[in-house]
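Chains as they are written, first to last, in this note's numbering: chain A, -11 to 240; chain B, -11 to 240.
Hints may contain errors.
Note that identical chains are pooled: a pair holds if it fits in a single copy or bridges any two copies.
Subject to a maximum C-alpha distance of 25 Å in a straight line, what follows is the list of computed DMTMM-like cross-link-like pairs (lysine to aspartate or glutamate) [to be verified]:
1. K222 x D175
2. K136 x E171
3. K141 x E197
4. K(-4) x D82
To be clear, the hints were calculated from the coordinates, so they are not data collected in a lab.
There are 2 protein chains.
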Amino acid sequence: MNVTNDAKSTFQFLCEPFHCDFQNRLQWTVLGNHILNSAGVHAGQRGFGIRALNELQFTWVLSRLAIEMDAMPMQADGFRITTWIENVYRFFTDRNFVIADAKGMPIGYARSVWAMIDWTTRRPVDLLQYRQGHIASYICHDTVPIAKPGHIKVDSDRVADEHVVRYSDIDLNGHVNSIKYVEHVLDLFSPAHYAQHPLHRVEVAYVAESNYGDRLQLVCNEGEADRQDILIRKGQHTPVAQCRLVFHAPRG
Amino acid sequence: MNVTNDAKSTFQFLCEPFHCDFQNRLQWTVLGNHILNSAGVHAGQRGFGIRALNELQFTWVLSRLAIEMDAMPMQADGFRITTWIENVYRFFTDRNFVIADAKGMPIGYARSVWAMIDWTTRRPVDLLQYRQGHIASYICHDTVPIAKPGHIKVDSDRVADEHVVRYSDIDLNGHVNSIKYVEHVLDLFSPAHYAQHPLHRVEVAYVAESNYGDRLQLVCNEGEADRQDILIRKGQHTPVAQCRLVFHAPRG
Chain A
-11 MNVTNDAKST FQFLCEPFHC DFQNRLQWTV LGNHILNSAG VHAGQRGFGI RALNELQFTW
49 VLSRLAIEMD AMPMQADGFR ITTWIENVYR FFTDRNFVIA DAKGMPIGYA RSVWAMIDWT
109 TRRPVDLLQY RQGHIASYIC HDTVPIAKPG HIKVDSDRVA DEHVVRYSDI DLNGHVNSIK
169 YVEHVLDLFS PAHYAQHPLH RVEVAYVAES NYGDRLQLVC NEGEADRQDI LIRKGQHTPV
229 AQCRLVFHAP RG
Chain B
-11 MNVTNDAKST FQFLCEPFHC DFQNRLQWTV LGNHILNSAG VHAGQRGFGI RALNELQFTW
49 VLSRLAIEMD AMPMQADGFR ITTWIENVYR FFTDRNFVIA DAKGMPIGYA RSVWAMIDWT
109 TRRPVDLLQY RQGHIASYIC HDTVPIAKPG HIKVDSDRVA DEHVVRYSDI DLNGHVNSIK
169 YVEHVLDLFS PAHYAQHPLH RVEVAYVAES NYGDRLQLVC NEGEADRQDI LIRKGQHTPV
229 AQCRLVFHAP RG
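Based on the provided sequences and hints, a complete structural model is requested.
Below you can see the structure in the form of structure tokens.
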């Protein structure tokens, strides 16, 4: 059962067998989509979900996302995602998430930044004007104890991988799904790497959309032991997303 | 809430925004994983799930899967998956699925065939001997009104695509996830193709496992308007899976 109060909604999940990675832990990409879907349902319950926006030819665009996990649910574990809006600015809104285990103990957090755009003009919508500031009535100033998404700068030109955008990359917006970029970035590393360096934090700054057939390049800075920054670009010149993976200290 | 009787379990789902394709319909791959997870949870509830098997160094291996949909849930639609075991043979079990809309009206069906193997010897386990035929006590002979998975023969040698197995392909068994093969096969076609030829049925015969780093080739027979057969092989000689996509008649 899901719990909803004025500002926050909590959604219950089960870590299902075929959503687990090779170590029997919840896949980061499955968690990422659960986080976005929780945001979508929370907004829908309050009248500012994608479907309500679509009637006005508006939509939400994810600008930044950071997910930081101290532990990942294991197969058959229950877990919960609680989400709320921390701030509403003119052109952006901050949305937070707590990921908790079945007993309600936090095991991770996420921060996100969203913009509303008018898809006919591609211009941002003033969130303080949208339905007389309707969204701001749901603000809860609770914060989460993880760093805000930071500035990621990749100055290398080393193309570590290429990916041509396919059918399975595309979501309801007609563009590459936000979490699919994470999947492609995670695929730069092997299961053996993750066994030695469990992932602690994923951070993405979404810069531009990409479309079916686009050729994406994944450009990597020289890796550090605990961190990898990656630029995803279209062709050689158009940045699409800046990503950072932060690993736990090596095991053993 | 989920309903369980002796033989059948029903699981409730919501078609969440970021599980939708470009037409706002549930993605086939998301449905496929829900189907496998429903099987996993149904088995787990009755003492023959992967975790119980793992204690004996056994596991389930999916041998065949066919999913046929008359309609796909749209964004925000509820839907249900009911699953049960129709037959238990010495080395195989047939498991069926009904996919129903929020009112309980069937919108699609699936059939699957599974084997239990001992992962130390890689040999099949006699299902009629396993815990004195425990599984057979849950048989329900209800069938589903779709064709059984048939024989798929690709005699072409036309390599339509290649895919090197990556981290995101690997699931809890350490091999490529069954539904990831479906994703790679669906990626042979464009969104424009699916807009014209909505997918009606997906069928896979799983022949061999593939592992991280394997180079998979997708070999296609000359396509027919309503059907495409695809062989997935490792290198040039080792078949991994035989797949068939069946499309609805073209629109317009």
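Evaluation of the provided hints:
1. K222 x D175: Both: 18 Å inside a copy, 20 Å across copies.
2. K136 x E171: Answer is within: at 21 Å inside a copy they meet the 25 Å cutoff, but 34 Å across does not.
3. K141 x E197: within (19 Å within a copy, 40 Å between copies)
4. K(-4) x D82: Close inside one copy (13 Å), not across copies (43 Å); limit 25 Å.
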